[in-house]
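Chains as they are written, first to last, in our numbering: chain Y, 114 to 715; chain F, -15 to 624.
Don't take every hint at face value.
Listed below are the simulated DSS-like cross-link pairs for lysine-lysine, each with C-alpha atoms no more than 25 Å apart in a straight line [claimed, not checked]:
id : chain 1 : residue 1 : chain 2 : residue 2
1  : Y       : Lys541    : F       : Lys212
2  : F       : Lys176    : F       : Lys234
3  : F       : Lys212    : Y       : Lys470
4  : Y       : Lys481    : Y       : Lys702
5  : Y       : Lys470    : Y       : Lys545
6  : Y       : Lys133    : Y       : Lys456
7  : Y       : Lys233    : F       : Lys217
8  : F       : Lys212    : Y       : Lys545
9  : F       : Lys212    : Y       : Lys233
10 : Y       : Lys545    : Y       : Lys233
11 : Y       : Lys456    : Y       : Lys545
12 : Y       : Lys545    : F       : Lys217
13 : Y       : Lys481    : Y       : Lys541
14 : F       : Lys234    : Y       : Lys456
These are calculated hints, taken from the structure and not from any lab test.
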Amino acid sequence: MSVTGVEGEERDDFSRAESKQIRARSLRLLGSLVRPLRWRIVGTMVVLVISIALQVAGPALIALGINTGLPALLDQNDWMPVALIVGAYVFTGIVGAALAAAFQVISARLSQAILLDLRKRVFLHTQRLSLEFHESYTSGRIIARQTSDLDSIRELLDSGLTQLVSGLLYMGFTAAALVILDPVSGIVLAVSLIPLLLLTRWFQVRSQTLFRQTRVASARLIVHFVETMTGIRAVKAFRKEPRNARQFAGHVEDYRDANARVIRLFGIFDPGLVLIGNVTVAAVLVVGAFRVVDGALLIGSLLAIVLYTRRFFDPAEEMAMFYNSYQSAAAALEKISGVLEEKPGVPDPTTPIDLWKARGTVHFDQVKFSYNEDAVVLPDLELTIPAGQTIALVGTTGAGKSTLAKLIARFYDPSEGAVTLDGVDLRKLHPKDLRRAIVMVTQEAYLFSGTVADNIALGNPEASREEIVAAAKAVGAHDFIESLPNGYETDVNKRGGRVSAGQRQLISFARAFLADPVVLILDEATASLDIPSERLVQLGLQTLLADRTAVIIAHRLSTVAIADRVLVMEHGRVVEDGTPAELIAGTGKFAQLHAAWRDSLV
Amino acid sequence: MSTTTPDQPRLSTFRAIARIYPYAKPAMPWIYAGMGAALAAGIVTLIIPIVLQGLVDGPLATGDPGQIWPAALIVLVLGVLEAVFIMLRRLFVLTPGTHIEARMRNGLYAQLQDLPVAFHDRWQSGQLLSRAVSDLNLIRRWLSFGFVLLIVNSITIVIGFVVLINWSLWLGLLFLVMSIPLWIYGYLFENKYSVIARRAQDQQGDLATAVEESVHGIRVLKAFGRGKHSLLKFADQAELLRGTEIEKAKAIAGIWFWLLLIPDVAFALCLLGGVALAANGELTVGELFAFFATATVLRFPIESIGFLLSMTFDARTATDRFFEVMDEINTITDPDEPATIAAPTGRLTFENVVFRYQDAAADTPGTLNGIDLTLEPGETMALVGITGSGKTTMTALTTRLYDVTEGRVLLDGVDIRDLTREELRRHIAMAFEDATLFSASVRDNVLLGRPELTESDTPEAAAEAERVLTEALEIAQADFVHSLPSGVDTTVGEEGLSLSGGQRQRLALARAVAANPAVLVLDDPLSALDVDTEALVEAALRRVLATTTGLIVAHRPSTVQMADRVALLQEGRITDVGTHSELLKRNEHYRYVLSSLEDEELAAAERVDRELKQAEEEGRRRDAIDRESRVIDNEGEVTR
Ligand SMILES: Nc1ncnc2c1ncn2[C@@H]1O[C@H](COP(=O)(O)OP(=O)(O)OP(=O)(O)O)[C@@H](O)[C@H]1O
Ligand SMILES: Nc1ncnc2c1ncn2[C@@H]1O[C@H](COP(=O)(O)OP(=O)(O)OP(=O)(O)O)[C@@H](O)[C@H]1O
Ligand SMILES: [Mg+2]
Ligand SMILES: [Mg+2]
């Protein structure tokens, strides 16, 4: 069995092969993040090595001071050796500290560069992934990946990595100094490494599963949190608060429990390291003391040996912390690499066909489409929309109108057959050309927090203020925008909560006007408008759509007035197709709909 | 707003963090115990050098190997003890620490659910999220690690100094004096660092917001092919955060430098002094040995002060951010002595209601500016007005999503502010203009307003739930749910199956109907439905609305026709109330808002109208002539 992408993300019981596969992809990701920075990393290491070497020199200098400086002073009243040694000590102190401080900044630059790279990659990749992915993965999880998961990676990079490298170097240098000073103690130290490794391995195996659980638990928590805050009005109106609180408390408890279990494990690991260290110190002491008594070892050397041994294990705690954050980050990296491994369901073409100047003929060539296997939404669609034609698409709810529209905008690819623009399969069309040529105003008018002008400018980021205002005027949004406290500079708040539903639709309409596409798709873009505004919009549309292809989905049949052709959809099939006049005069579904609609007016 | 710090006088770090105390209180004994254990571990490590000194000056000086074993044994025991104490510290502190975090998180969530919609309008959800997750994480780690070690290491350092002075007065004092610059620097560090830490945390929240918007608005971004464009914006923000983080690292590097340098210089000077003192015979070699051993033990606590301090300041800003939400005063609360309506009839009254959004200046006219309107029990009232006239705002006032600025809203004669929110929202159910479904089964979504049915295990409740569900789905014409993969048990919402716009809207409508309220408030409930389905839903809704009071926001004549009366909202006031045809006849603005007929059709309608009127007039004239002639006749008779 294999796990690709975000599959199996909620599990924590991977088989050996799966674990290996996941680890491999995490490492690949890590490698690709680190590779561009490798020379900077080397440089950083050099700084670190020197600074640690200087710090490690301390006890040796003290030993030297006691072994040679003191006798020289006693015997010959010679201050020179002591002064030299003290001078050397001060020098190593200053340079060591300066380098350590410099390292702090350099390594922060490094880790921030990696984080920035990772953030951008995840962001861009999630933008590339198809709607299909987003619909099943949920926004909360992506937010979790970008926040809490990236946090744990940041922790690893920020302190963990420094701890690891400096810890390892520190231990290495200390061990080397110890071996040079006294090989026998070196052997004692080497023996102590065996339990050290065993303990670490135990921790690694046990903690991996637990860390995965914390990631899953935190993602669930975030998903729930985001959903509540997004739907806060409905939560309040339907008194969901107590039920939510219970559910959330469950997630919080799961997360707490997962965390506590990791912590408890670490609570054994960390003192275990200290224990090994202290036992080793005692052993070194015994081995050294007997030799001092024998005269085989100088007393100053014993001091240095004991200090070194003790200091050898000093970073052990830090290393344990590193290991902790490493495991946590590894679990996070697994999830992130999973998202990055997801292949876009609607991939960009490898050899794109350019279409500089589209005319706007859209063709559905034997298209079959289903969101999932069980239900086919569009069984077999054959449809040509000539350039410049305005089509009204009507039909019962759930008939597949939005689906058809989304296929033209290439939110999805057909399961079978092809959708073409000017004869070019959308799958092969250059994405830039595709988006320039085809624009869709979706059923839900989403505004981003930011100013009104920014939101309209999304249609064309290069547009000048005049163009933005012109677009707003064309859809009749200008007046209300001007009446907002700061006009075009008013912040619309999150999701455009600052303006009314109809105003949101007007703004997203203006956005589409500004984009100025060859093919415009309007999916119930006027549903929340009042009739006067709708009429204004239609007036604007009539001029705009004169030489454009357009698909207008609307339940208010008033739209039909500006259409050249009407399509009636039922259960994913086009059941009627003709000019408005023909259909109204006929006896079909549309004639009936139209009559019913007429009756409903006034 | 969300990212600016309020201009309150800044609390000292101690006072700011002390605000966690109520949450930490149950765990405090454990934290103290943890400190005790940590202190014990610290002291043990300080004792080891004393034993060493005894060893150096004793058996090693005299060359008596017999004494080595006991000394080594003591060192071993002390070493084991240290490990045990460290383990105890972790055991004591860490699990209670997670409980504190959980308690704070639940508290924050409860507060957020309680705070009014106006608060949520103002706050970016990414900012809330980063408070709920990273900030609380930070506080937990600080409490169970940073706090304990900060206290314990400080004590260890003090004790260590005492021990050092004990070994050698001069050397100890030298060490002490040398550390003074550290304290000064530490103080300066706080001011500098706290500001940066705060900025970094806020920027993280902004980044979370950007991510959230980029996924929630993914359809728009895709429709315009603006993925790259939004990446640029996101990258700018991420870049800002990077800058702040590097600045933070620089601040840390500053204190790190002094923390490393000063002990080293002190060591060097002590070496000089120590050797001199030993040369003068004022210090034994063993004492010198022990002095350095002790000083070495002290190095870690001293060095650790740097990151412990930065961690403390991080925790402080996290606490500040947490309490910014917790301190928010909820303006929409339950009354102390709530009234209750035992059997609501559903009379809904707006009495001179004025409402102004929070960001509107006080001198501008409110969005609603003196609404007077009464919905009689059982009556269905349509609310009509142009886009942005305040219809949604008015509906939001009925369930206290916002509170009126002036005037009052009454339900059965009771000011809704005198009811508990729970009761009010039980009596009034809403369907919003955007159909929010939660990640749950169709059944749970529809029965959301009936927790008493879904949460009870009795068979009667289950049967009743089933009945309510079926009826509500039928009224909303949501029979499509039966063709979903698992019928009414299919999960919908974000974590479930995606539905078409009209399907979502019908479920939201079914949800409002299933709540079986006294008053139904529906905000443009049929906007996404096709003509046929709309007609079916209207027919079914009419049945419900026959007995339920209804306030229905409408843009279309078809919806308006469901209503008994129509209220016209214009410039913040209800300017006219009457039946659809009455208003159509007498109110020009109403005709403007609701008439979908083309101008010439309107003219035609008017012509018909005029003809009718003419005919009427004609009739009246004829009547008059008739009467006149009769009078004449009578007169004739009289004269006769
Ligand atoms: N993302 C999706 N995943 C799975 N099924 C979907 C998805 N979107 C829509 N469907 C289903 O596909 C069918 C057609 O949906 P579509 O949105 O195209 O309808 P529509 O004609 O636009 O209806 P409406 O008028 O209500 O907007 C519906 O049965 C719907 O439940
Ligand atoms: N949260 C808010 N803060 C400030 N102003 C707001 C807020 N929400 C709405 N407004 C403003 O208040 C006015 C009324 O908005 P409301 O949503 O009530 O209109 P509406 O009548 O429901 O319009 P529509 O028919 O478009 O839904 C609008 O001008 C809008 O810009
Ligand atoms: Mg649709
Ligand atoms: Mg509204």
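So, going through the hints one by one against the coordinates:
Proposed proximity of Lys541 (chain Y) and Lys212 (chain F) is supported: the alpha carbons are some 20 Å apart, at most 25 Å. For the hint linking Lys176 (chain F) to Lys234 (chain F), the alpha-carbon distance of about 11 Å falls within 25 Å, and the restraint holds. Annotation: proposed proximity of Lys212 (chain F) to Lys470 (chain Y) holds, straight-line Cα distance about 22 Å (limit 25 Å). As the CA atoms of Lys481 (chain Y) and Lys702 (chain Y) are separated by approximately 24 Å, the hinted pair is consistent with the 25 Å bound.
At most 25 Å may separate the alpha-carbon atoms for a hinted pair to count; Lys470 (chain Y) and Lys545 (chain Y) meet this at roughly 12 Å. Proximity of Lys133 (chain Y) to Lys456 (chain Y) is assessed by CA-CA distance (about 20 Å); at most 25 Å being required, the pair is judged to hold. About 11 Å separates the Cα atoms of Lys233 (chain Y) and Lys217 (chain F), which keeps this hinted pair within 25 Å; it holds. At most 25 Å may separate the alpha-carbon atoms for a hinted pair to count; Lys212 (chain F) and Lys545 (chain Y) meet this at roughly 11 Å.
Proximity of Lys212 (chain F) to Lys233 (chain Y) is assessed by CA-CA distance (about 10 Å); at most 25 Å being required, the pair is judged to hold. This hinted pair checks out: Lys545 (chain Y) and Lys233 (chain Y) have alpha carbons roughly 20 Å apart, not beyond 25 Å. Under the criterion of a C-alpha separation no larger than 25 Å, the hint pairing Lys456 (chain Y) with Lys545 (chain Y) is consistent with the structure, at around 20 Å. For the proposed pair Lys545 (chain Y) and Lys217 (chain F), the alpha carbon gap of about 19 Å is at most 25 Å, so the pair holds.
A threshold of 25 Å between alpha carbons decides the hint, and for Lys481 (chain Y) with Lys541 (chain Y) the separation of about 18 Å falls inside it, so the pair holds. Distance restraint check for Lys234 (chain F) and Lys456 (chain Y): the Cα-Cα separation of roughly 40 Å exceeds the 25 Å cut-off, and the hinted pair is therefore not satisfied.
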